[in-house]
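Undergrad: Sequence:
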Amino acid sequence: MPPTSFSASQRKHELVSGLFKEILEIFREWDLCQESPSLFLVYAHNNPSVGQADAEVPQNLIQWLSSLRFHLYSDRTANGNNALEFQNTLVNTAKADDILSSQLCLLPNHPGSVDKVILCGSEVLGRYIETSYYQRYYQSLQSAYQVASKRFDGFDSIKIVIREVVNHNLKEREFHHVLTELAFLQIRYKYKQVNHGIIPVLLNGTPQQCFPAFIVNSTTIRIIEPSWRVPGIWNGKETYQDQGLHIGFFKLLKRLLVNQERRIQVIEEEVYIQALRKNYSEVLEPQAFSVYMKGTYLKALDKLVEDNVSTLRQFGLGTSSKSILQREQNGMLQTAQILDTMLAQTQIESLIEVKVNALKRELKSDLQSEIHLLKSFIDSKLEAMQKVQSSLEIKLDSKLELILASLNKNF
Numbered sequence: 032m033p034p035t036s037f038s039a040s041q042r043k044h045e046l047v048s049g050l051f052k053e054i055l056e057i058f059r060e061w062d063l064c065q066e067s068p069s070l071f072l073v074y075a076h077n078n079p080s081v082g083q084a085d086a087e088v089p090q091n092l093i094q095w096l097s098s099l100r101f102h103l104y105s106d107r108t109a110n111g112n113n114a115l116e117f118q119n120t121l122v123n124t125a126k127a128d129d130i131l132s133s134q135l136c137l138l139p140n141h142p143g144s145v146d147k148v149i150l151c152g153s154e155v156l157g158r159y160i161e162t163s164y165y166q167r168y169y170q171s172l173q174s175a176y177q178v179a180s181k182r183f184d185g186f187d188s189i190k191i192v193i194r195e196v197v198n199h200n201l202k203e204r205e206f207h208h209v210l211t212e213l214a215f216l217q218i219r220y221k222y223k224q225v226n227h228g229i230i231p232v233l234l235n236g237t238p239q240q241c242f243p244a245f246i247v248n249s250t251t252i253r254i255i256e257p258s259w260r261v262p263g264i265w266n267g268k269e270t271y272q273d274q275g276l277h278i279g280f281f282k283l284l285k286r287l288l289v290n291q292e293r294r295i296q297v298i299e300e301e302v303y304i305q306a307l308r309k310n311y312s313e314v315l316e317p318q319a320f321s322v323y324m325k326g327t328y329l330k331a332l333d334k335l336v337e338d339n340v341s342t343l344r345q346f347g348l349g350t351s352s353k354s355i356l357q358r359e360q361n362g363m364l365q366t367a368q369i370l371d372t373m374l375a376q377t378q379i380e381s382l383i384e385v386k387v388n389a390l391k392r393e394l395k396s397d398l399q400s401e402i403h404l405l406k407s408f409i410d411s412k413l414e415a416m417q418k419v420q421s422s423l424e425i426k427l428d429s430k431l432e433l434i435l436a437s438l439n440k441n442f
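Per our numbering: the sequence shown = residues 32 to 442.
Bear in mind the hints are in silico, worked out from the structure with no lab data behind them. Fair warning: there could be bad hints in the mix.
Claimed, not checked - Here are the computed lysine-lysine pairs in the DSS-like style, where the Cα-Cα straight-line distance is at most 27 Å: (1) Lys406 x Lys418; (2) Lys330 x Lys309; (3) Lys147 x Lys52; (4) Lys52 x Lys406.
Turn these sequences into a full structure, and let the hints steer you where they fit.
TA: See the structure below:
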């Protein structure tokens with residue numbers, strides 16, 4: 032909890048940060064990503080001499096996605112996407128091989144080709160793309176890929192020729208590992224077309240400045256949420272640290288987890304946004320804010336249950352499996368409707384279980400608080416009694432001393 036010496040504004044920022052962490056824990060508890068797509072996140076690391084990269088944002092995305100148990104791949108090297116040492120030593124080649132091994136899953140015919148790619152556009156990335164070096168490097172990789180693909184002898188031959196091109200470029204001053212990823216994405220786009228699975232996330236600048244042409248010129252939906260990353264005023268309202276990033280992350284989750292879109296939306300609107308509105312209107316102490324957040328969460332669960340009940344009512348069904356199976360046997364429902372109703376029923380049962388567990392935790396927390404208060408009360412009473420007892424003992428000892436002194440005088 033933030034120290035009491037914090038200003039009201041600082042305390043609000045801390046509460047919003049804590050709120051977002053609580054929501055991530057909710058999603059983790061729901062196991063939203065049980066059937067999530069495999070992901071690769073592409074971004075340029077900070078390089079102030081070139082431009083603005085905002086690499087902290089994708090690093091946050093990696094942390095949050097990993098906490099939700101996504102199958103996530105990325106370039107996590109210590110030196111980021113900067114080139115390795117210019118000398119092409121055996122050690123550097125080994126490091127590059129490790130990086131390349133993970134990058135190869137971006138290619139379309141890799142046995143473990145990832146389902147989705149999050150491409151984080153930035154000024155730095157855009158300026159790398161504009162260089163003549165990148166164009167030459169891409170052409171070399173593309174040519175090697177095409178030649179090896181025509182041999183029809185498996186992916187190993189592709190891997191060998193790609194490695195040769197990458198290792199040949201390690202000593203180049205303009206080499207960055209992110210350029211390999213961009214080239215692989217361009218190859219992926221060329222072969223997969225509308226099924227490329229690339230989700231662009233704009234970190235700064237404009238799409239034209241920060242993304243490769245095949246993304247800018249495509250009909251791909253772009254998640255653009257560059258505002259609100261720092262505290263300020265937006266549309267006349269106070270905004271908090273990383274608020275825009277949180278909202279952008281909710282958008283990203285809804286793109287990645289289409290089947291869970293409604294759940295994510297309700298938690299975003301009924302818990303996150305509502306808590307922000309509460310935060311605008313008054314300065315709550317952390318404990319009061321936590322109580323408010325728990326209340327909105329329980330209301331959100333009720334709303335999700337009602338959504339699924341409405342789905343069942345739409346087809347005139349009860350919530351029992353027997354009712355659904357009877358309708359299926361009678362041919363009164365189409366297959367899609369049967370699946371929808373069964374899914375709704377399963378989600379109702381799941382949400383009820385989640386709510387019961389939430390109520391149990393809240394009850395346990397309340398009981399622990401009550402026990403703590405009662406223990407504190409008893410301890411304070413015992414302490415007071417001990418003080419009284421000590422005082423009485425002192426007084427008694429004093430009186431006994433006086434009596435003994437008086438007796439000694441008389442005798």
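Undergrad: Taking the hints in turn, state whether each one holds.
TA: Consistency of the hints with the structure:
Taken as a hint, the Lys406 and Lys418 pair is honoured in the structure, with Cα atoms around 18 Å apart against an allowance of 27 Å. About 15 Å separates the Cα atoms of Lys330 and Lys309, which keeps this hinted pair within 27 Å; it holds. Distance restraint check for Lys147 and Lys52: the Cα-Cα separation of roughly 25 Å lies within the 27 Å cut-off, and the hinted pair is therefore satisfied. Distance hint between Lys52 and Lys406 is unfulfilled; the C-alpha atoms sit about 31 Å from each other, more than 27 Å.
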